[in-house]
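Q: Each chain, written out:
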Amino acid sequence: MRKLSLSKMDLDSILNLSKKKKRDIFKKRLKELNLPSKKSEHYRYFDISHLLSKPYSLYLPIVKETKESDELIIEDGSIISLPKGVKIDVVNEIEIDKEHFDQIYYINHLLSQNVIKLTFDRDCELKVIHRFSKDDILLPYRLKIDVTNRADVKIYEYFEDSVKESLIFYGLDIDIESGSNFEWVRIQDEFSKSYSMVASHFIKVRESSKFNLKTFDIGEGKICHNTKIDLFKDSKCNANHLVYVDNEAIRANNIKINHKDRNGKTNQNARHVLKDRSTAIFDALIKVENSGAKAITHQNNRSILLNDKAYMVSKPQLEIYIDDLEASHGSTTGQIDKDEIFYLRSRGINEKEAKKMIILGFMKEIIEEVQNEAIRDDIMNRFEKIYNRDTRDLK
Amino acid sequence: MMLEIKNLKNRIGKKEILKGLNLNLEKGRVHAIMGPNGAGKSTLSKTIVGHYDVKVTDGDIIYKGESIVNMKPEDRALRGIFMSFQNPVEVPGVTNAYFLRTAVNAKREFEGKEPLNPAQFLKLAREYAEFLGIKPEMLNRSLNVGFSGGEKKRNEILQMLLLDPDLIILDEIDSGLDIDALKAVSEGINRIKSPDKTFLIITHYSRILEYVKPDFIHVLKDGRIVKTGGYELVEILEKEGYKAIEEEI
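Those protein sequence lines, which keep their order, are chains W and Y.
In terms of the working numbering, the first sequence is residues 1 to 395.
In terms of the working numbering, the second sequence is residues 1001 to 1249.
In isolation and in its complexed conformation, chain W is listed as follows (with noise of 0.2 Å):
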């Protein structure tokens, strides 16, 4: 298989990389947005240059023979097994955001010959996890994801792998139709380290419907997701953000939130522990567009740094253009709060406890808001294990 070192190419090069027919849009927006580098806000304290000078091979999904599971399985890109009545199916093309701020949103789109297009047209709850086998692999792929008919579905969606050096992109397309609900938790745990991820995703949430995003990432690894958001009339949008990572972790999370019409509602939490060397980069924009009159969108970033060396990078942003509507953001960083730990202590729970039990606690206020109980105890376990790895270096 050739080897392939996409910062090394031009956007020609690139763009013959792909099998799909139409390319204009997406020549026109590369050529608007630039290839990405650190030159690019949402790439500037993530090393995409890095990641994208690697030589990897390139590897595309197949149309694999699927079995009947609980949970959808998609390894290295093809579904490999899926429970009985979801509705499944491969498409070459689909409808794509021609605004997204995202230069692999295009890139991967591009490469991504097939997409994993999943229907729901009643209320769901589905387990997805992607499996990850190949090393030295550049995996380019998608999922669609179409919630029409009023319908509550619920996605927790979980990574695994054992492989070394690969780069995968991924992403997602969602469009919940008026009146549906969508709920999409997404655990990016430990074993993540050994892949690079850059995730673009693009959800489209249209009239009177709401949109759940819950978003656990812990441990190490090289990810970025990079999220654009697009309310419409009186629709809602909560976003959940969890972070803890350590060791050398480069963890982002970049969601541009847009109000394009009336009386949309966004509220959008964030908490992060950084430990050891690692960084977390929250840059997140809600903007208010003149058409979206009567908004109310409140968002919050709080970040604990359990060491000297860890570094976070927090942007709330808010971009109004109208006076009509209700708005807050905020954000802090700092150590864990001494006299939290002084009031326990002061009771007889040792210091490594106390500060336990407070990063626990500061933890748990996002991780409670997954109402499925098995997959929060599930996160809940996850980030105590992770915490448990290691406690030597805390200040």
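Incomplete in silico selection of chain Y near chain W, CB under 8 Å: (1) 1049; (2) 1077; (3) 1078; (4) 1094; (5) 1163.
Label-pair ranges, simulated between beta-carbon atoms: (6) Y:1006 - W:329: 52 to 58 Å; (7) W:267 - Y:1006: 54 to 60 Å; (8) W:38 - Y:1072: 45 to 51 Å.
Calculated from the structure, these hints are not laboratory results.
We treat Cβ as the ideally placed atom computed from N, Cα and C, and that holds for glycine.
With chain W held as given, fit chain Y onto it using these hints.
A: Only chain Y this time, still in chain W's reference frame:
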């Protein structure tokens, strides 16, 4: 003697607060400390429990015959020293019940006793909560988060009852309490009073002392105990203020 404080000097930051304080707290007695603002009352209680703000520069604190000046706060607590906080901190995400059980079991482990399981603990906690007029659902809420001033103070007394300490320091437990809350808090204190326990009540006002009668009143001024007497001292201070003491000095 429960506690002996000998020539205690300390500072917070660069400021010297206690300037050679001597004080003996007898076992089974209720001591009250009164004094004007800035006299060092709260610093004294912080020093006894080992607060990180306070740097002891001279003197000693002997608790049950053992020096505690260099002891960690948790080790002091496990040996039976308890302070109710003037402004109890809020700890989001840590439920009151989980915190209380962890604290109770830490002490039980220190004393070589079996830990209480959740059911045993809840039975005990509910009984004390009911006695103090604390709603049972408050046990499941995050520690002190969204509690009113009165609820926080009652919660401090609940901790005191559950931990069953020997030296109990009540730092302005009566501030911001309405009459019902003050009664509930006082009943909690009176419930635990015994010949084995010593109280140190730090207060600005005589209100709490009407419910929990002190054996000794100590007046703290400018980092030193300047007068010790009986309950009659409260009446003098109430009538004439700290000026009366100043004139005596």
